[in-house]
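The residues making up each chain are set out below.
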Amino acid sequence: MTTHAAAVREETVEVWDGRVKLRVKVAGDGPPLLFFHPLPGLAWQPLLDEIAQRHTVYAPEHPGTSPGDPRAIEQVQTFTELLLSYEEAVRALGLDRPVAIGQSFGGMVAADLAATFPSLFSGLVLLAPIGLWRDDAPIPLMEMVAGPPEDLPGYLFAHPDSAAARAAMALPEDPDLIPAAIAQQAWNTGCTTKFAWPIADHGLGRRLHRIAVPTLVVWGRQDALVPVAYAREFGDRIAGSRVEVLDDCGHAVQVDQPARTWAVISEFLGG
Amino acid sequence: MVGCEQTPSPVPKEASVKVSMFEQVPYRYMPEGFENHHSSVVTAPYGVVEPARMTESLFSAYAELVHAARAGFDGVCVTEHSQSSYDISPNPTLLASAVACAARAENLDVAICVLGRSLGKTREPLKIAEEYALLDCLSGGRLIAGFPVGLSYDANLNASIPAVETRERYREHRELILRAWSEPDPFPWNGRFEKYGQVNIWPRPVQQPRPPVWIPGTGSPGTLRDILANDYEFVYLSWDGPKLTGRQVFDRYWALAEEMGRDLNPYRLAFLQVVAVSETDERAEKEYAQHLQAHYRSGLGAIPGSAFALPGYAEPAAIEAMLRGSGPEGMLGRMKTATFKEIVDSQVAIVGSPATVADQIEAFVREFRIGNLLVMLQNGSMPRDLTEKNISLFAEQVLPRLRPIWDDEGWVNHWWPRGQGAGAGAGAVAEAVAGAASGREA
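Chains as they are written, first to last, in our numbering: chain A, 33 to 303; chain B, 1454 to 1895.
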């Protein structure tokens, strides 16, 4: 992939009766596509640049994760309120049936939005979403979040020492910016885990049958956070969905296998 | 009854500084080197426990608290931690009620300080309101109601409360408990976290509208403002070493008190200090050093650093300030390898002869304007006989020097329980409790 970085601008939309000023990163041209970020917050990344070549990417920042507005998380009290806020955001942004891509935590959000509002999206891509639970395949989300930072790459990547993995985990080069970056990422994780703690099961499994749009499920076979067994759980519950399991690939599929991840997404998006 | 064989003579109590014996409830037989392989909390492997030794550890804690009450301490104090090897006290009101009944049976005028049930952790705040009220009745109006937020590992891992909700829950629960204690008629509670159709608890505290409220904390400005605004008591603990962090925290507290128009009444401030006293300095080190060092390494030292503040427990500005090292570095982060010398030099623990200990405590009590003192006299593997020696020596030779420190300033200790239930009917209560304890028909 040799795509150039897209020009990213920022929009703010008021949702949830004005209680939340939702910040949305926007880039690209073409039909609208929503990206829902994982636990540590939104990081603009090569995959989004790629998508922005033919879609207008809208990437909202989960309430509370926008720098300078930490208390916004208190305005969203339940997971249902989070879903309703995002549904309002789609309308406030004037998006007509966008495609939704959600990763990990964002995958749970996107999947539940698609189940709760069956005509909100025109297509759905789930990158190793949380949201289900099997006793024989526990998801060590609590262990990961509570554990030492040095253990984090082991949960996320098939090859934690690869250049791509190290780049994805990189802190700012300017040492003076590092404390704020660490603090922000910790707070972001607090804001997302509010709706995923200690077990991210809001009954999504009982709603997935309501999803009525073309759906692609992408998983890494070596996912150490959400075991690959869940790929079939999603696939079986969402009628007509397609499941792609990538070899030599961990939880962060687009970091471990950028080309193949983009290939399956690109094909799904009609490219 | 336990400990009847030793009853030190009581110390006169008319003077003012109140001194309480604080006790954690550790398993006293942690294997050496435990901290190199395990955490002391959440995942601490129960396989290291021998059941008979667990029973002994728990009962020793009870016996030592009763010993302290008999020795003349003004109060006894326990706290709450779940799934922990260093403080096996998942509900401190259980142990506190046993001590309260023992104290009533012997007519001991001792405050029961629970420091306390964690309000950010609980899913049943009314249970806390009821338990505290019951304790206040049982103790004859001698309860000190501790309202801690709860440590992150306990609230967010053990109880699995989302970290970012911990403080919101704390605020709601505190408001509900205070109202449940004092509102005469049943009322509905439609909270963010709790819904009750009719709140009407039985019993209510003897001390109305509420027992004294004490709040332990690490001294963040937000917590201190909350404490001062509501006229609660601030409790600081010595884990970080007062020589390293005390100055900053205490100075901030008194500066905020002045800024908020509060008086400088030293009884607004309580401090918990680990103390180990023996006949001489040399003997104290010989008797206590191994226990202290092992305790901090395998207990507080074996709590993973990340378990003190899960993501969301503290706001970004607070985390950033901590990472920038804006304050002095305390001992808590270094406990796993702490040496006896570091523990003593930083004053995490004060160890020595009665004179040495009294000199050091008196100096910082005066310097930082501390009115209510908690002393932790048992640590880790310390056996009961050594702990009871520590308690007796402290009561006889250190405590009397501390009580009169603020007498010449003439302040009133509004943060000490009033003992209102101790008047009418107290004799009958004591008789009933004593009868029950000895197996007679009451």
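Keep in mind the hints are simulated off the structure, nothing from the lab.
Beta carbons: idealized from backbone N, C-alpha and C, even for Gly.
Hints should not be assumed to be uniformly reliable.
Claimed, not checked - Just a few of them, taken from the derived set where beta-carbon distance is under 8 Å, the chain B residues facing chain A: (1) PRO1543; (2) LEU1547; (3) SER1613; (4) GLU1625; (5) SER1759; (6) ALA1760; (7) PRO1764; (8) GLY1765; (9) GLU1768; (10) PRO1769; (11) LEU1776; (12) ASP1798; (13) ALA1816; (14) GLU1820.
Claimed, not checked - So these bits of chain B aren't anywhere near chain A, every CB distance computed over 10 Å: (15) GLU1503; (16) ASN1609; (17) ARG1663; (18) GLU1732; (19) PRO1757; (20) GLU1773.
Against the structure, the hints:
Using the Cβ-Cβ criterion of 8 Å, the hint placing PRO1543/B at the interface with chain A is not satisfied: the shortest such distance is roughly 18 Å. Because the beta carbon of LEU1547/B sits about 26 Å from the nearest beta carbon in chain A, more than 8 Å, this interface hint is broken. Satisfaction of the interface hint for SER1613/B is found here, the shortest Cβ-Cβ separation to chain A being roughly 4 Å, below the 8 Å cut-off. Evaluation of the GLU1625/B hint against chain A yields a violated restraint, the C-beta minimum of about 12 Å exceeding 8 Å.
Taking 8 Å as the C-beta cut-off, the interface hint given for SER1759/B holds, the closest approach to chain A being about 6 Å. Satisfaction of the interface hint for ALA1760/B is found here, the shortest Cβ-Cβ separation to chain A being roughly 6 Å, below the 8 Å cut-off. Satisfaction of the interface hint for PRO1764/B is found here, the shortest Cβ-Cβ separation to chain A being roughly 4 Å, below the 8 Å cut-off. A cut of 8 Å between beta carbons decides the hint on GLY1765/B: the least distance to chain A is about 2 Å, and the hint holds.
For GLU1768/B, the interface hint holds, the least distance from its beta-carbon to any beta-carbon of chain A being 5 Å, beneath 8 Å. A cut of 8 Å between beta carbons decides the hint on PRO1769/B: the least distance to chain A is about 4 Å, and the hint holds. Hint status for LEU1776/B relative to chain A: holds, with the closest Cβ pair at about 4 Å, below 8 Å. For the restraint placing ASP1798/B at the interface with chain A, the shortest Cβ-Cβ distance is roughly 28 Å, beyond the 8 Å limit, so the hint is violated.
The interface hint given for ALA1816/B is violated, since its Cβ lies 35 Å from the closest Cβ of chain A, which is over the 8 Å cut-off. Checking GLU1820/B against chain A: minimum C-beta separation of about 32 Å lies over 8 Å; hint violated. Separation of GLU1503/B from chain A is adequate, the least Cβ-Cβ distance of about 28 Å exceeding the 10 Å criterion. At the 10 Å boundary, the C-beta of ASN1609/B falls inside the reach of chain A, the nearest C-beta of that chain being 8 Å off.
For ARG1663/B, the condition that its CB be more than 10 Å from all CB atoms of chain A holds, with the nearest at approximately 27 Å. Non-interface call for GLU1732/B relative to chain A: holds, since the shortest CB-CB distance, roughly 44 Å, exceeds 10 Å. Against chain A, the non-interface label of PRO1757/B is violated: not every CB pair exceeds 10 Å, the least being about 7 Å. Once the 10 Å rule is applied to beta carbons, GLU1773/B is inconsistent with being away from chain A; the minimum gap is 4 Å.
When held up to the earlier numbered hints, the structure conflicts with 1, 2, 4, 12, 13, 14, 16, 19, 20 and fits the remainder.
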